[in-house]
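All chains should be modelled from the sequences, with the hints used to inform the complete structure.
Counting in our numbering, the sequence shown runs from 150 upward without gaps.
Any given hint could be a false lead.
Unchecked claim - With a straight-line cut-off of 27 Å between C-alpha atoms, the simulated DSS-like cross-links for lysine-lysine are: (1) 408 / 360; (2) 306 / 282; (3) 444 / 408; (4) 282 / 444; (5) 278 / 306; (6) 360 / 444; (7) 278 / 408; (8) 278 / 360.
Stated by the list, open to error - Simulated restraints, written as ranges between beta carbons of each label pair: (9) 404 / 252: 23 to 33 Å; (10) 210 / 679: 29 to 39 Å; (11) 580 / 661: 41 to 51 Å.
Note that these hints are calculated values from the structure, not bench results.
Keep in mind that this is a model prediction, so the values were computed, not measured.
Ideal Cβ placement from N, Cα and C applies to all residues, glycine included.
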Amino acid sequence: MDGALSQADHGPAIVAIRALYTYSEGMDRAAAEAAIDSNLWARCVARLRGEILNQPRLAFGGELADCHAFLRSAAAYEADGNSAHLQPMVPLVIGAARRHFRPMLEAAAVLRQTADLRNPASWYPDARKIRRKIVMHMGPTNSGKTYSALQRLREGKQGVYCGPLRLLALEVYESLNQQGAITNLVTGQERREVMFASHTSCTVEMTNLDKEYDVAVIDEVQMIGDESRGWAWTRALLGVQAREVHVCGDPASAPVVRKLAAACGDELEERVYERLTPLSVSEESLGGTIRGIRKGDAVVAFSRRDIYQLRRLIERSTGHKCCVVYGRLPPETRNSQARLFNDPTSGYDVLVASDAIGMGLNLNIRRVVFSTLTKFNGSHTAVLSASQMKQIAGRAGRAGGIYPEGEVSTFDDEDLPLLAQGMVQPSEPVIAAGLQPNTEQVVQFAESWRGIHGSVPNLSRLLANFLEASQLDGDYFMCDNNETMRIAQAIEGVPNLTLAQQHDLTAAPVRLRDPDIRACFLRYAEALATSTPIAVDVQLPISSRASARHLDVLESRMQAVELYCWLANRFPLVFTDLDAAEKLRARAITSIESGLMQLSTNATEHGIKEANARRAQIAKGSDGAEDSAFSSLAAAADAAAGFDPMAGLDGHDASWERR
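Shown next, in the form of structure tokens:
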């Protein structure tokens, strides 16, 4: 094997090596295990090329058989272009890396060890010391699964409820206290602590993993596969210190719960529930008209704009007064709107809502009507999954309610077959659980990076490096970090924030696309950086005339107040005005609820006259704008209400519930 390859061997060798530059199948895992990133891979291939063409003894370690095997693979690849022939060459690239870039590989290996997210069950040694029993309560909406788990929670001496929404945490908090179990409420924005409390109701992100419980309930466990928030369910399920852990959710989540229970060495019991009331798909849609809207209907839309348009159209054209529910409304307001809708004497007959009704609220819905089956998911508009359709549609009909049989329909004819298909289609099984690095892991990674490179990049770059170096088991996936990155980039210009503070701030419930909230957030970040106490500096708008635009401003200011509350619960020495913020929040809730009532009254009074005029037109054969929820009438209603159709669009409506 002395000297270079023969001239005849050069051609196939060069073709194969050139392909290795972009070869990915089978390379990614092997390269990752050797701590070779994509940039270093290209440099290693270049070094290997020089060795094979000029110093084959070095490339093949003096083994003639290895050289011949390489040449056979190269010739085969040149002949048919099948990338499988490149697989045997991957170890050669790794060998070149170890010969030429050993210090870089050793440094990268240290980073990979720091960012090793495999076996996350081992992160919670206190939970592993407990012999836990996992009880799965699996069933569709309105099957009684959560009720059964909550009954067991109430019986426990010490217990915790971990829910997906602030609204659900509030409901369970109130219910347990009414039943005699003294309970605290803990969410990102609010804490109601009671002396001698034995139970806690919290949002899942706020689950206390340092306290021991007899019983824990983790609700809507299928969210463990959510691209954004799945990590919080993984953390709670792996880490909660409870002898009994009851998990409730869609049967599609059973596979991943089984895997995690096995990884923890926990006992597992499975309970399956069937829906308590019948649910059927309508034989006909509403035919594109709103005249078919009836008492007890819940009309579903996926943006604040569409919700208000539909509300005005229904109230002005049918005389039905409407309640509204969507993610940006405070939990207390959504509760009050639900009570109005459920009260047969309130005069509010119809609910117009986003997918925020899919979880939580107990609602007496006769029929769910989808205004559309598409939704903007934060990056693009997509058709609802079968699981999403069933989650929302399942709110119709309620055991023990005034509508024991549920019905689901669509506004347009073309959507009805798609809905019918989705209602019978099995939900996609959840086979992996979300993960996200915590602040401690990010800080440790930064220290390793500093030891190797001498300095630490900004947080967004550091997080990108962490993700590139991270290692995961096949039962887990890394949650989407786009929102984390956006917040990290927004605060990069704030000097003197520690890395831990920066990472903590990336979890804040901040709506960066709202310029007022963004400016407020940056002021708060600057105060934190300098340890300067700051009061809540939010002014609520005052208006004698309610309008959708006025409500939009109110909701925005409300979010700024809640941001302050969130920060005050984490950095009380800087955000010292929590009492004033909570009072301001209560005032904002009152103003929002008053505005909603006034809007409905105005629309109904105006609608009686308008509806009479339209009926006269229809009687003459002029069937017009009443039939379209998104017609010129909607635009006119927008103008009359002072509504900016581009203000306050909800992308992912449930995003305001996080943390």
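Status of each hint after checking the structure:
1. 408 / 360: With Cα atoms ~24 Å apart, residue 408 and residue 360 stay inside 27 Å; holds.
2. 306 / 282: holds, 16 Å
3. 444 / 408: violated, 45 Å
4. 282 / 444: violated, 45 Å
5. 278 / 306: Cα-Cα ~20 Å, so holds.
6. 360 / 444: violated, 47 Å
7. 278 / 408: The hint holds at about 19 Å.
8. 278 / 360: holds, 13 Å
9. 404 / 252: 23 to 33 Å: violated, 43 Å
10. 210 / 679: 29 to 39 Å: Hint violated: Cβ distance 60 Å, outside 29 to 39 Å.
11. 580 / 661: 41 to 51 Å: For residue 661 against residue 580, whose Cβ atoms are near 33 Å apart, the range 41 to 51 Å is violated.
In this structure, the earlier hints numbered 3, 4, 6, 9, 10, 11 are contradicted, and the remaining ones agree with it.
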